[in-house]
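Here the protein sequences come in this chain order: A and B. Per my numbering, numbering of the first sequence is gapless, rising by one per residue and ending at 320. Per my numbering, numbering of the second sequence is gapless, rising by one per residue and ending at 341.
These aren't lab readings, by the way, just hints derived from the structure by calculation. Hints may be right or wrong, so weigh each one.
[Unchecked claim] Pair ranges (Cβ atoms, derived):
(1) Ala227/A to Arg154/B: 25 to 31 Å
(2) Tyr74/A to Arg154/B: 52 to 58 Å
(3) Arg312/A to Glu339/B: 53 to 59 Å
[What the hints assert, rightly or not] Lysine-lysine pairs mimicking BS3-like chemistry, simulated, CA-CA at most 27 Å apart:
(4) Lys133/A to Lys129/B
(5) Lys235/A to Lys134/B
(6) Lys133/A to Lys71/B
(7) Lys129/B to Lys235/A
(8) Lys134/B to Lys71/B
(9) Lys235/A to Lys168/A
(10) Lys134/B to Lys86/B
(11) Lys182/B to Lys136/A
(12) Lys86/B to Lys206/B
(13) Lys308/B to Lys133/A
(14) Lys136/A to Lys71/B
(15) Lys334/B to Lys308/B
(16) Lys133/A to Lys86/B
(17) Lys182/B to Lys71/B
Note that beta-carbon positions come from the ideal geometry of N, C-alpha and C, so glycine has one too.
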Amino acid sequence: MLLVLWVIATVTFILMNIIPGGPFASEKPLPEAVKRNIEARYRLNDPLWKRYVDYMWNLIRWDLGPSFKYEGRTVNDIINSGFPVSAILGVTAVALALLLGIPAGVLAALKQNKWPDTLAMLAATVGVSVPSFIMATFLMYIFAYKLRWFPAALWGRPSQVVLPALALAGFPAAFFARLTRASMLEVLSEDFIRTAHAKGLSTTAVIVRHALKCALIPIFTYLGPLLAQIMTGSFVIEKIFAIPGLGQHYVTSIYNRDYTVILGVTVFYSILLVTLNFLVDLGYILLDPRIKLTEPSS
Amino acid sequence: MALLEIRNLRTSFFTHLGEVKAVDGVSFQVGEGEAVALVGESGCGKSVTALSIMGLVPPPGKVIGGEIIFAGEDLTKLSGPKMRHLRGNVLSMISQDPMTSLNPVLNIETQLGEGLRLHKGMDAKAARERVLELLNLVGIPEAERRLRQYPHEFSGGMRQRLMIAMALACSPKMLIADEPTTALDVTIQAQIIELLKELKSRLSSSILLITHDMGIVAGLCQRVIVMYAGRVVETGSVEAVFDDPQHPYTWGLLRSLPRLDQRKERLVPIPGQPPDLLASPQGCPFAPRCRWAMRICVKQMPEMITTAKGTVACWLQELGPQAVKRAREEVA
């Protein structure tokens, strides 16, 4: 895991320095003295290898350095203020996606080729194909402008989470619905489902206790990467709803060649992704008894 | 009165090709404590008969006629909840493939205890005690440790023992064993049959054993019902059917078996294929494959006739017992 993180940090560092331009390059060249001062302050005139070593050393101490663009803010500050916002938004969106997608998928599987199935799969197709920013615009128009149920933008109150979370949840909800339907159909045709019926269990008990647990395994697999993806990929939504999340800072930092922010946020996201995937792997053990942690066989 | 009496049961599958008459007018009885074998080749409707009794015919299949009288009640007319109350409780089933019939993500205690908690209202502790008892009964060693294990930690034979334990959990009046040994190795088959025999002598349950293996019938059952193409062609005691079979299909079935007491170079298959159940024939369904088929056989379905030792549906009977005997000796 640490190796993965080191590789990511290094590759990002190299890529970032390959891109032409620098954080203080602008159309109007700065006076030579000013430029030298700034570069000295941010240690940009050190040789590349020294900057790399310094950076890695600071990274180990979780000191991500000052932002080049935002005077007086460190990257740690930016992550500390931006990430909780993105995390709340992301987790809400994923929770919504699960709450909408799984029941829709189960229903579709149980009523295969009947109208609830058709309806759910139609909605899922729409959900998969409509990009989140278009969804966001529609949601804003309907729920904020026409119905005035929720505020159109900004951040701070719980009601302001609803629309962006819904917009973000669209794709994963549709994806979950399809995934649940497919795996549920597969599980329902298994012999052990007939065994469960033969025991005299009610249909609900058969579905909940015997089928759902098996059917949810593929969904669980997708959950880890999805969480990380939603937290990083919410840039557009954060922009539309004017939410001060991390995604927004991340993308802006790339335009600005804000080296420390790019590196810091990338490493932060990598840690997040690697951790979530690790947790998913651990979660498997709870969900599927056939998977066990064992010593590698010699 | 018989514990189970099936009268003119008809179960069809409504596929996009048309109606497949999987079970077409089957009648038989199973007495209290009696073990009956339902034999016939693959696709003859044995399993569908079992599923019809359990009320578990999968769609597009449907019981479309007849009565299934179990302990005085017609199962075909029972409501869903009432039928569920019988299933797994007084009427239980062991299915064909133990490898796929256990839920891979639930442990043994949960799967075996489930029925007990549902039907007998046992709490977790009582159910656990009973499950331990059952595991001992079916010969699973180290029951205590095994409780927490999952199906993948058991071998095929052990899983079939688990299935049997599960089916016996609530001490059912009737146990339907749908080809309980088909999916197992030959050596394991013998062990499972031994187990079933032993359980039969210890428990009072009636058994309906579904199989295409005549070999396992003799040791376990008292009576045999031979099915062909969704119909019953012959019934009788095990001795009668083995020693003095009346229907040409039964002759073929017995001749296709390896026997230890007769040296034979090769087994004799029954020529031809079973009929297409989409277009059920007008006459006897076996007529196209029958060496002795007469003109009437293809025209009219023979009635079930009671003979000295059982019942049989075959026009040869009209020619008298001597003719039947001569015909049979022709093939032997």
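Which numbered hints does this structure break? Of the numbered hints given earlier, those the structure breaks are 4, 8, 9, 10, 11, 12 and 13, listed in rising order.
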